[in-house]
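One-letter residues, chain by chain:
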Amino acid sequence: MQQRLKNRLGIMGWLGGGRYGMDRYAYALHRITGLGILAYFIMHIIVTGQRTGGVERWESTMAFFGSTPFKIGEFLVVLAFAFHAVNGLRLIFVELGWWIGKPGTPSFPYTYSTLRHRPLFIVFMVVAAVLMIIGGVDFYFVLK
Amino acid sequence: MNKSATQDPSIIKTVQFEVLRYNPEGNEAPRLQNYSVPVIRGMTVLDGLNWIKEHLDSSLSWRSSCRMGICGSCGMFINGLPRLACNNQIVHLHSDRVTVKPLPNYDIIRDLVPDLEGLFEKHRSVKPYLIRKDTEEQEKPTGEFFQSQQELLNYIQFAYCIKCGLCMSACPTVATSENYAGPQPLTAGWRYCADSRDEGLQERQEVLYSSYGVYRCHFAGACSQVCPKGVDPALAIQLLKKDAFLRSFGFGKKKKAGPVLPPVRDWTPGGKIPEAPAKTVPRKTE
Ligand code: SF4
Ligand code: FES
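Protein sequence lines correspond, in order, to chains F and E. In this text, residue positions in the first sequence follow the numbering used here: the first is 18, and each later residue adds one. In this text, residue positions in the second sequence follow the numbering used here: the first is 18, and each later residue adds one.
Worth flagging that the hints you see were computed from the coordinates, not collected in a lab. Owing to the predicted nature of the structure, the values given are computational and were not obtained by experimental measurement. We treat Cβ as the ideally placed atom computed from N, Cα and C, and that holds for glycine. No incorrect hints appear here.
The following label-pair restraints were derived from C-beta to C-beta distances: (1) Ala56/F <-> Tyr177/E: 38 to 44 Å; (2) Glu138/E <-> Gln67/F: 49 to 55 Å; (3) Arg264/E <-> Phe158/F: 45 to 51 Å.
No farther apart than 25 Å at their CA atoms in a straight line, the calculated lysine to any residue pairs in the SDA-like style are these: (4) Lys119/F <-> Ile173/E; (5) Lys259/E <-> Leu137/F; (6) Lys180/E <-> Ser142/E; (7) Lys270/E <-> Trp115/F; (8) Lys270/E <-> Thr122/F; (9) Lys144/E <-> Ala274/E; (10) Lys273/E <-> Gln222/E; (11) Lys271/E <-> Leu113/F; (12) Lys180/E <-> Glu220/E.
The whole structure should be built from the sequences, with the hints applied where relevant.
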């Protein structure tokens, strides 16, 4: 019997799967940070919901989540949020057709939308990095 | 470079081909097989595979036809990227090892042969042909549909697609979502929607803007990076999104299909076309 072999890359296709440009890694990070932020929001709702259980319950919950590992976790959420928000804004620009060029007649060596968009990509990533640093400084003093 | 001195002087070096083998009839797991291939100037990866087939292993299978980047049948995963085997010279890979695997994201039929049927099915689902209200005119044309040079430029880039399927292999969304339409079919859809002679958007939007349509794309751009024809599917997908946005807020231009031009009358050729020379050999029927 002849059998086809499945060859879909699955989640590994997000993380690598070839020698691709940086936009593809921004894609992967956007999806991963999106899922991370979603998980955080669900937790956040459960945690703040503890307030309805009375002051004591709320204070013990806050003391538990005030420990260093959770602070580090929160800092990771800040990093994820900075990247996801700035990259999301960039994607909105892209979807409105800004800074990706116009179609024409392709001639070799080909240029394409992601290459034409690269300067804006770099600017947005720098903005995300600045937000991350600000978040880091803030957290450093909070942790202290 | 390990040039073998005893051989033909045109041989520049010998490279190791590492080729994925899969036999659908046996129960063996797929494996990588090594072959030493002498390389001459201008030799493509496809030439290398042909050399292996002729000299080392006649059982190796792959798909190819035109060997000039036109038919789109020799797509393979070569040294870390989906590429056309006939379109890439071995020396340009800058490596003494050439790893050749079948295109990812497609089932493997045998060795390097992917099953592209899913791609073609999705391509057909976007109705990749001119759809017009004047079907009578399409069936029995009385003239040409008008199109300006600028209108042609709106879609001609996307019409260069050869359906090789490399973009679908590179796309990370296709990697996790079997139902996602994917860069090639979406680009084919936009190629026709952007055509000034077409009126088929209504019929295509069910596929293009479904939950498995354009909004699953987050501009990873790998499709455009690997496209051997400079089609830029990532651009086509963003233009589809932009078009939907503009239309939903009433900003888009109302599209009116290009009119039928009146037949050309009162036209005679320039007068400089020379007469055909007299026949020198009588036809058989004469
Ligand atoms: S868009 Fe490019 S990569 Fe994709 S099928 Fe067409 S020619 Fe191949
Ligand atoms: S053999 Fe036709 S594109 Fe490579």
